[in-house]
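If you want the building blocks of each chain, they are given just below.
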Amino acid sequence: MKQYAYYPGCSLESLATAYNISTLEVAHKLGVDLKEIKDWNCCGATAYFPVDELLAHTLVARNLALAEKDGLSDFVAPCSACYKNAYFTNAYLKKDPDLAEHINYALEADNLHVNGTMKIRHLIEVFIEDVGLEEIGKKITHPLKDLRVAPYYGCQLLRPRKDHENVENPQFFESLLSALGAEPVDYPSKTRCCGGSLIVTNRKAALDMVHILLQDAVNRKADVIATTCPMCNVNLEVYQSQVNREFGTQFSIPVMYFTQLMGVALGIKPGKLGIGKELVSGEPVLAFAY
Amino acid sequence: MSIELSFNNEIANLMYATHGNPIKDCLQCGICSGTCPAAEFMDHTPRVIIGLISAGYKDEVLASNTFWSCASCYHCSVRCPAGIDIADMMYALKRYSMWKGRHQEGLIGPAFSESFVKMIVNSGRSFEPLLAPTYIFKNGPQGLVQEAQTATGLMLKGRMPLLPKKIKGLKKFQNMVRRIIPIGEPS
Amino acid sequence: MSERIGVYVCHCGTNIAGTVDVVDVANWAAEKLKHQGVVIAREYKFMCSSLGQELIEKDIKELGLTRVVVAACSPHLHEKTFRTAAKNAGLNPYLVELASIREQVSWVHTDKAVATAKSKAVVSGAVSRVIENRALDEIKVPINANTLVVGGGIAGIQSALEIANAGFHVYLVEREPSIGGHMAQFDKTFPTLDCSACILTPRMVEAGTHPNITLMTYSEVVNVSGYIGNFNVTIKQKARCVKTDLCTGCGICQEKCPKKVIDNVYEAGLGYRKAVYTPFAQAVPNFPVMDVENCIYFKNGKCKACEKFCPTEAIDFTQQDELMDVQVGNIILATGYDLFDATRIPQYGYGKLPNVFTSLEFERMCNAAGPTEGKIVLRDMKTAPKTVVVVHCVGSRDENYNKYCSGICCMQSLKFAHLVMERTGAEVYNCYIDIRTPFKDYEEFYKRVLEEGGHFIRGKVAEITDAARLPEEEGKLIVQVEDTLIGKQRRIPADMVILAAGLEPRHDAKEVGKLFGIACGTSGWYTERHPKLDPVATMTEGIYIVGCVQGPKDIPASVAQGAAASARVLGKIFQKEVALEPIKASINQETCSGCRICNGLCPFNAIAFIADDMVSEINPALCQGCGTCVAACPAGAISGTGFSDGQIMAQIDGLLFRNLEPVEA
Numbered sequence: 000m001k002q003y004a005y006y007p008g009c010s011l012e013s014l015a016t017a018y019n020i021s022t023l024e025v026a027h028k029l030g031v032d033l034k035e036i037k038d039w040n041c042c043g044a045t046a047y048f049p050v051d052e053l054l055a056h057t058l059v060a061r062n063l064a065l066a067e068k069d070g071l072s073d074f075v076a077p078c079s080a081c082y083k084n085a086y087f088t089n090a091y092l093k094k095d096p097d098l099a100e101h102i103n104y105a106l107e108a109d110n111l112h113v114n115g116t117m118k119i120r121h122l123i124e125v126f127i128e129d130v131g132l133e134e135i136g137k138k139i140t141h142p143l144k145d146l147r148v149a150p151y152y153g154c155q156l157l158r159p160r161k162d163h164e165n166v167e168n169p170q171f172f173e174s175l176l177s178a179l180g181a182e183p184v185d186y187p188s189k190t191r192c193c194g195g196s197l198i199v200t201n202r203k204a205a206l207d208m209v210h211i212l213l214q215d216a217v218n219r220k221a222d223v224i225a226t227t228c229p230m231c232n233v234n235l236e237v238y239q240s241q242v243n244r245e246f247g248t249q250f251s252i253p254v255m256y257f258t259q260l261m262g263v264a265l266g267i268k269p270g271k272l273g274i275g276k277e278l279v280s281g282e283p284v285l286a287f288a289y
Numbered sequence: 000m001s002i003e004l005s006f007n008n009e010i011a012n013l014m015y016a017t018h019g020n021p022i023k024d025c026l027q028c029g030i031c032s033g034t035c036p037a038a039e040f041m042d043h044t045p046r047v048i049i050g051l052i053s054a055g056y057k058d059e060v061l062a063s064n065t066f067w068s069c070a071s072c073y074h075c076s077v078r079c080p081a082g083i084d085i086a087d088m089m090y091a092l093k094r095y096s097m098w099k100g101r102h103q104e105g106l107i108g109p110a111f112s113e114s115f116v117k118m119i120v121n122s123g124r125s126f127e128p129l130l131a132p133t134y135i136f137k138n139g140p141q142g143l144v145q146e147a148q149t150a151t152g153l154m155l156k157g158r159m160p161l162l163p164k165k166i167k168g169l170k171k172f173q174n175m176v177r178r179i180i181p182i183g184e185p186s
Numbered sequence: 000m001s002e003r004i005g006v007y008v009c010h011c012g013t014n015i016a017g018t019v020d021v022v023d024v025a026n027w028a029a030e031k032l033k034h035q036g037v038v039i040a041r042e043y044k045f046m047c048s049s050l051g052q053e054l055i056e057k058d059i060k061e062l063g064l065t066r067v068v069v070a071a072c073s074p075h076l077h078e079k080t081f082r083t084a085a086k087n088a089g090l091n092p093y094l095v096e097l098a099s100i101r102e103q104v105s106w107v108h109t110d111k112a113v114a115t116a117k118s119k120a121v122v123s124g125a126v127s128r129v130i131e132n133r134a135l136d137e138i139k140v141p142i143n144a145n146t147l148v149v150g151g152g153i154a155g156i157q158s159a160l161e162i163a164n165a166g167f168h169v170y171l172v173e174r175e176p177s178i179g180g181h182m183a184q185f186d187k188t189f190p191t192l193d194c195s196a197c198i199l200t201p202r203m204v205e206a207g208t209h210p211n212i213t214l215m216t217y218s219e220v221v222n223v224s225g226y227i228g229n230f231n232v233t234i235k236q237k238a239r240c241v242k243t244d245l246c247t248g249c250g251i252c253q254e255k256c257p258k259k260v261i262d263n264v265y266e267a268g269l270g271y272r273k274a275v276y277t278p279f280a281q282a283v284p285n286f287p288v289m290d291v292e293n294c295i296y297f298k299n300g301k302c303k304a305c306e307k308f309c310p311t312e313a314i315d316f317t318q319q320d321e322l323m324d325v326q327v328g329n330i331i332l333a334t335g336y337d338l339f340d341a342t343r344i345p346q347y348g349y350g351k352l353p354n355v356f357t358s359l360e361f362e363r364m365c366n367a368a369g370p371t372e373g374k375i376v377l378r379d380m381k382t383a384p385k386t387v388v389v390v391h392c393v394g395s396r397d398e399n400y401n402k403y404c405s406g407i408c409c410m411q412s413l414k415f416a417h418l419v420m421e422r423t424g425a426e427v428y429n430c431y432i433d434i435r436t437p438f439k440d441y442e443e444f445y446k447r448v449l450e451e452g453g454h455f456i457r458g459k460v461a462e463i464t465d466a467a468r469l470p471e472e473e474g475k476l477i478v479q480v481e482d483t484l485i486g487k488q489r490r491i492p493a494d495m496v497i498l499a500a501g502l503e504p505r506h507d508a509k510e511v512g513k514l515f516g517i518a519c520g521t522s523g524w525y526t527e528r529h530p531k532l533d534p535v536a537t538m539t540e541g542i543y544i545v546g547c548v549q550g551p552k553d554i555p556a557s558v559a560q561g562a563a564a565s566a567r568v569l570g571k572i573f574q575k576e577v578a579l580e581p582i583k584a585s586i587n588q589e590t591c592s593g594c595r596i597c598n599g600l601c602p603f604n605a606i607a608f609i610a611d612d613m614v615s616e617i618n619p620a621l622c623q624g625c626g627t628c629v630a631a632c633p634a635g636a637i638s639g640t641g642f643s644d645g646q647i648m649a650q651i652d653g654l655l656f657r658n659l660e661p662v663e664a
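Top line first, the protein sequences correspond to chains A, B and C. Sequential numbering of the first sequence, starting at 0, is according to numbering that gives the first Met the number 0. Sequential numbering of the second sequence, starting at 0, is according to numbering that gives the first Met the number 0. Sequential numbering of the third sequence, starting at 0, is according to numbering that gives the first Met the number 0.
Simulated from the structure, these hints should not be mistaken for lab results. For glycine and all other residues, C-beta sits at the position ideal for the given N, C-alpha and C. Any given hint could turn out to be false.
[Unchecked claim] Here are a few chain A residues that face chain B, going by a calculated C-beta distance under 8 Å:
(1) S13
(2) D38
(3) C154
(4) K161
(5) F171
(6) V279
Extracted from the complex, chain A is given alone in its bound form (with noise of 0.2 Å):
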């Protein structure tokens, strides 16, 4: 069996940890064997970049040497910004070897080296490419039959990669959620930006962007917004609240990780995925496998 390096991410530790028990889960039931990287540090997320750009490389050069020392192929991130981040810095270092050089002398004092040998991965492309949508219908024991799932990509797990194809409009998630049995919805905002960090260093426009996307699933009668990242879920969901509070809206729309939904399809007990630990609560989205 194929080991990948698995990298959770600070997030997936503490407001995520739906996330990560639920991606472990699953990836046990299908067959993936996702090794943790001994001693990881945060990645930096996109708090690093505004403050120097050498530093934020390094931050996560460092995971992605202890990866190659484990002598692992494939680097696999669950939170789209780790992702982003280990995937051009990866990029970065196999084409310049000016800022290689300068990485490797700063990983040297921790005793390591990078070659930007791995194959960055967000976990949904692990469970879709490696696993295989027949696959994983097969093990399919409790299809979410009519439930309408919004497929919200996000951004960075799309962008700014140009190399894949439709990045504007990609159909990859609603395959997947196809593949579980769910009805996924035409949801135009799907690759429209939740804020991310704004949420914090600018609140006003982060809650403008979060209202956008709950009302444009609501109207297109969505039952849950399905995520692939820990920070647009916890924009999308924690603070719906606040969102309701500042445009007088009623949004109760469960916001879930796609692992969590893969685990109903595929009959993992809700409590083992994490469902229960929402504010806005998941439990409707079982009535639909149950």
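Start from chain A and add chains B and C according to the hints.
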């Protein structure tokens, strides 16, 4: 004899990994600002900022809140017909602003980033409660109450970290950091 | 006896002299190459000028020069000039060699010392080589007075008519069932707002009935061989399944055909045609064709309604494609453009949001004979729009799609704005980056649209969506754009959006180019001989490019190019023969072992094997002097006149300064 760098060049120099950015190729078409989900919260749209940089209006640029309102969604970069990575430029402006210590008053971003950096250097991992002081008081008394409510809710669901984590190889990690920037106490 | 060589070094203003010390090079040649036969070395500001040429002619006559070396620009530009000068003075033109010290030296180096030293080497090489040159005579071949025009759009039709009216025969080949091209799809043409069909159809009819034009529609060129004056072209005439000698063009077959097909070609996907059809009412020729892929009979053997109802028994299901060979002296390519595929920009919603239209779809809508009979309505075919947004630069001026500007879309968009306001009274917004209205009466047209109340928003549209956020946006298409002139992001609720999609080369342009032996540029348009001074000729003698195939342009420019190429062709026809360069390969039959390796290598099929003598022979008329066989022959039996081994080895010696007299110790 020192050569006075144009503001354009100063910003280009702050983009190491992407080897500068062809800001001078900007057509001023406006697709970045038409796309930006945060544009209405910025005092200057991204396109205007590029125009100001090209024209050398450094003070105006540093006094604006545009780049501190950028969420790094990269939608502008992907759509730009001149191939400019605008979001990357926004990061460069943030770095310039932090370096020179010049930014609009009342912004949360600079203090938040600074705290974040310090936190990582001290522990290797992020710990939300440490960052809270940089922003919880900035949204007025109502904001503070809402924040407290949210935090309580998260705590009850076991989603709020109560103790900061530290990575095991912290000392070596800090040595690594110091080879880039000499911050933190020498060990 | 040694040759008497004249060396001329050109300054080319500062183009060469700015980087190369031309005086030094001339002096060096006079001194160091004297022993090889250099009797005079001059430098002059512009060798290609008449005064410059006179210098050469004078020296040939007065100093009895037997060889000439001109160190100047690339032979591509002025080799002919200097050869003609030599000829005028009585020296065989092939005893002149060009040494390129501009493109090969001054344009690629910045270090003066290095450039000057390199120039000396280049001149030295040319001098050593020219000594080995032999006098050659041009080969004259007759020109076939027939011409092939490929593509029956306005540019092709123009070319064909000009040549036909001058009294010479033209084969006009068109891929579609009718000539007319894209112009036949339009409603009104800018800036005059002439009805497109009204100005085009008379020309189409003239071309269709002209005694000197053989019209071959529903046909394609499948093979081209030969050279200028003597091309052999194989044309495939696709099976129409209609006997054209019996068909009267009455149209009953179309009427009775039960199978409707979406017309993606002429109607741009907006309307339907039948399986047996003529593309439009004024089609020339007016014979229908059968779309065998969609015909019910060809699918499952049923129907045959057309055959039943045809009054003249003109339907023939057994008809096959036919191949025909024609001999022509010149070929004009006028195959036009394809529209940019707007589905490549998903955020504009084309293909997903029903009321987003492309420019060609909208042209069909405006056309009185189109699917809506000229009414401007939404996709439901009945509701008139109240707000229309025209989006400029769709797929153009964009690193992500096409880098170039498509030239005609600004005027086209202004035309659309005018037509919408005139026919519906709707509010129209043009979202643009720049308004490009450079030609005659274009700027005035822009002013007219402004005066008529068109709204203009300077901003490249970010996205078009149906996700409403405010009540007034419900049920509308929202165009999100930054109004850059006021610095605000705006959301314009519209009923209809028209995308001014860019022009692209035909999607098989590369393959077609290969067929004719011409090249495409980086953007895919065919490459002209000189971008400024020779826009209709190509690097291949006898092949011309006219209209949009050379780059996006409007109708007047296409017509002008069509006429320009025909003037060129007529010039060649009147000369009755063309002189071919004598730079050819020839086989020494005594050394040839008959291995035939060269036979298959020749890209121009110029080498034949003479079985009786067991040797190969090169046809000098077909040979283009590429040198492939010369290099490949294992016996070294093939040499190139003008490119002999002796010449090349001498040139190498000269470049390496092996020809200089040893310095006395």
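Structure-based check of each hint:
Interface restraint check: S13(A) against chain B, minimum CB-CB distance 4 Å, threshold 8 Å, status holds. Because the smallest distance between the Cβ of D38(A) and any Cβ of chain B comes to about 5 Å, under 8 Å, the interface hint for this residue holds. Checking C154(A) against chain B: minimum C-beta separation of about 4 Å stays under 8 Å; hint holds. Interface restraint check for K161(A): the shortest CB-CB distance to chain B comes to about 6 Å, inside 8 Å, so the restraint holds.
Given hint, F171(A) at the interface with chain B, is violated; its Cβ is 17 Å from that chain's nearest Cβ, farther than 8 Å. Among the interface hints, the one on V279(A) is violated; its C-beta lies about 10 Å from the nearest C-beta in chain B, farther than the 8 Å criterion.
The earlier numbered hints that this structure contradicts are 5, 6.
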